[in-house]
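*Asks:* Same order as they appear, the protein sequences are chains A, B, C, D, E and F.
Those letters in the first sequence? Residues 689 to 864, per this note's numbering, in order.
Those letters in the second sequence? Residues 689 to 864, per this note's numbering, in order.
Those letters in the third sequence? Residues 689 to 864, per this note's numbering, in order.
Those letters in the fourth sequence? Residues 689 to 864, per this note's numbering, in order.
Those letters in the fifth sequence? Residues 689 to 864, per this note's numbering, in order.
Those letters in the sixth sequence? Residues 689 to 864, per this note's numbering, in order.
Simulated from the structure, these hints should not be mistaken for lab results.
It does not matter which identical chain is used: a pair holds within one copy or between any two.
Straight-line Cα separation of at most 30 Å, DSSO-like style, residue types lysine-lysine; simulated pairs:
hint	residue 1	residue 2
1	863	807
2	863	787
3	859	807
4	787	807
Protein chains: 6
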Amino acid sequence: MNGFACKASFSPSDFFFAGLAMPMPTNNMLGSTVTPANVMQIPGLNTLGVSMARIDFGPGGLNPPHTHPRATEIIFVLYGELDVGFITTANVLVSMTIKQGDVFTFPKGLVHFQINNGKGPAAAIAAFNSQNPGVQAIAATLFAATPPVSDSVLSKAFQISYQEVDEIKSKLGGKR
Amino acid sequence: MNGFACKASFSPSDFFFAGLAMPMPTNNMLGSTVTPANVMQIPGLNTLGVSMARIDFGPGGLNPPHTHPRATEIIFVLYGELDVGFITTANVLVSMTIKQGDVFTFPKGLVHFQINNGKGPAAAIAAFNSQNPGVQAIAATLFAATPPVSDSVLSKAFQISYQEVDEIKSKLGGKR
Amino acid sequence: MNGFACKASFSPSDFFFAGLAMPMPTNNMLGSTVTPANVMQIPGLNTLGVSMARIDFGPGGLNPPHTHPRATEIIFVLYGELDVGFITTANVLVSMTIKQGDVFTFPKGLVHFQINNGKGPAAAIAAFNSQNPGVQAIAATLFAATPPVSDSVLSKAFQISYQEVDEIKSKLGGKR
Amino acid sequence: MNGFACKASFSPSDFFFAGLAMPMPTNNMLGSTVTPANVMQIPGLNTLGVSMARIDFGPGGLNPPHTHPRATEIIFVLYGELDVGFITTANVLVSMTIKQGDVFTFPKGLVHFQINNGKGPAAAIAAFNSQNPGVQAIAATLFAATPPVSDSVLSKAFQISYQEVDEIKSKLGGKR
Amino acid sequence: MNGFACKASFSPSDFFFAGLAMPMPTNNMLGSTVTPANVMQIPGLNTLGVSMARIDFGPGGLNPPHTHPRATEIIFVLYGELDVGFITTANVLVSMTIKQGDVFTFPKGLVHFQINNGKGPAAAIAAFNSQNPGVQAIAATLFAATPPVSDSVLSKAFQISYQEVDEIKSKLGGKR
Amino acid sequence: MNGFACKASFSPSDFFFAGLAMPMPTNNMLGSTVTPANVMQIPGLNTLGVSMARIDFGPGGLNPPHTHPRATEIIFVLYGELDVGFITTANVLVSMTIKQGDVFTFPKGLVHFQINNGKGPAAAIAAFNSQNPGVQAIAATLFAATPPVSDSVLSKAFQISYQEVDEIKSKLGGKR
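For reference, chain A alone in the conformation it holds in the complex (with noise of 0.2 Å):
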């Protein structure tokens, strides 16, 4: 790989997805649905360093505070309107609510998130330097790892008791 040829053959279809033509639900937690379309989808991906995601938000929705370790994200906004934001590493929130038709950047591997605060649906497409730009949900990386991260390093990183750090933990799948 990225010396040499990947593949003897190949289709048109290793460069093709259509599986972010439609919404996916959002009756879940959050309210929020990520669609991933990068190398594990498109084969063709592999080496070329691009990828996109489609993110779908009920009213209300969140696109968690995340990070992708391998890419910086730039998404515009296909209906709905969103409030984003990024966190630098002077701990400064640069944040705006974009609307339909509207592009916005979250720089490589920057905390980050979206949330749906308009009355109806929204959604967007997202798109990625790397064919793998991989994922850190952070709630769902620190409370529901597994093996879990231990209740000692959860409780002094947030200030909070033994007791909260279960009922988070609890809430988000991960065990004790």
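Take the given structure of chain A and dock chains B, C, D, E and F to it, following the hints.
*Replies:* What follows is chains B, C, D, E and F alone, placed relative to chain A:
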């Protein structure tokens, strides 16, 4: 740049662009218009390695064969139907008909095109893994550069007469 | 930068830093202190793609869950004992107890932490493959950014009440 | 590859190629021949990021407009005289007449060409910053790909009739 | 590699190494020993772009002039005192005496060395921005390669007699 | 740089160099002369990642063992015959005799040399995958740096006496 901070102060609008929201007129020779959203329009993209563009097509509209010297491209069809293709370095055309919501990839540096063979208008969002992908529309690059590429080069390359070269130059707005 | 020489003249001290030699006080909320040795402290590192840091821990001290958006980290334990871990993009916690002289790796961009569960103090030297790795301490990034991340985002992400969000914000020094 | 050793054993000949020593015949349609010396011919080049080629020109011979999707090119004229040029993304032709011993550069991904307008033969050595630069000869890419690029695309792009498209296809060895 | 996942399963020990904890014997010709901690010892480092090493010095011990063809190096002195230096491409020696806790940088690919001119032992931890930095100890590279570099090359390069070349080869364990 | 345009205006001569056309005199100590054609001579090369050089050899002339800290090198023999070699990080000498028209590769950062053991003059064109490859001629780097590398380092590294070190320093133009 790249090694260190780029700008002493910034605001959210440095990462934002509203210019892709609306369809652009397509009543031109090719029946298509490309609206860029790169580091020229979004200063915060500098060193971040991504950008976007919107491509609008009238019925029959063509985004003519072109290359991006510094980027892979991935597109998402906003509406309508497009015949898309790229040509490999082994001179194989990789092409498909794609429709609303479909995603397709054009590998780094390869000649590619999109044409709207449908009955209504069409539009797509393109993303690139460079903040400044660059573009060379092949026909205009060869037949409408300033100063002009010589007739002898173009005549021999395309195996056409000097008169035919000059006719193409004239139609594409180039000088002899 | 990157393309050409960076500085017209330089001295050996541009490549040197004495500030990691001594333990730093750890009598703060988390019981740990990070002392950086990157391009801010060592100007000669510019474009060279490495840096270091020293991390001191009191007994029970925590270097809380954080990411480096631009670097992989590798640490060497100077003395004491540390429980260390990172979480993968598949939400798997990879953790170990390491002691004096041990080496451990935290892959690029992933959330990781170190905690001193031993009885005495501990210290480690960290190295990064960037002259400016950046850092985001997750709890402070989310609960103490300026301007603040909204309660609605944090309440929904962690499935806690607005009151609980505000208590964490207050303890971590953030504003509502 | 790239991350680790590529080959268990090797010999000096893996880093060697004798195939550029002699002029190649140029009695073809374009009056020029390109002989590559890349990772296909020199396996030791894998991951090393360089390669070479020899270009021979008869009198009037043309290395037609083409791109290298993955490399910048720099040439050294072995003998004879060449008119060389590349077109920028601002559609400016940058061209010169160069002679024996001269060096000229063709920036990454841009359309460029060389033509021998001198009376005798000419030859040049080209070097690339990729072990596998790839090449797309524009006219053949568009008019002789398999399967063929449709007449409608080419007719509209070059503003010529379907009949003219088919004549070029026929002369360049492509199918309708 | 690089483009995609490297290993189907892994354990924490793939990211761990205990082999730098103890001083290594330095009773050899140079009075120093380098213990690597790179991708050979830590498989999880693959594609992550960092590694470490421990360098132990007896009194008077020398880590002789050498290069790392693929990495910048940064060191932290564990104990003792070292005279360190690198030579720039402008043939300027950049050197300092550094002691316990000090940090110093050796830019990518440049010849550098460390010598313990103190009275007791010394040790340092080195970090590299490559999982496989490679090393060429200059004297051994030139005078103890297999097959040997010819006497004519070495005699002329160092302006010494063939007999002197052979004496160095003999002392460094090389063959004539 | 790298992120954006480098120069507001340019001319074809920014991409051109005539200084490699003629053989340079080789009546010096080593019997060889290197003439560079990098970003110092060709400003348009900035950020483009390639450069060239010409190497002229008298009979018996030596381009002494050296490294390029930032580039792989590939050479083409213009005339004459050369014995060429590089040493791997496993201390294996990879060497060959090459003649007019032959191509040989010297991997990134490794020590390498060329010597003209033929009866007449020889010359080669070298290409690099950096616009500024840098060079360190090993003997001069060690024995003729300013300020000088100490006798104790060189004596121990090469296992020669201080007197022998000083003799080499003297012959290579260095100071004690």
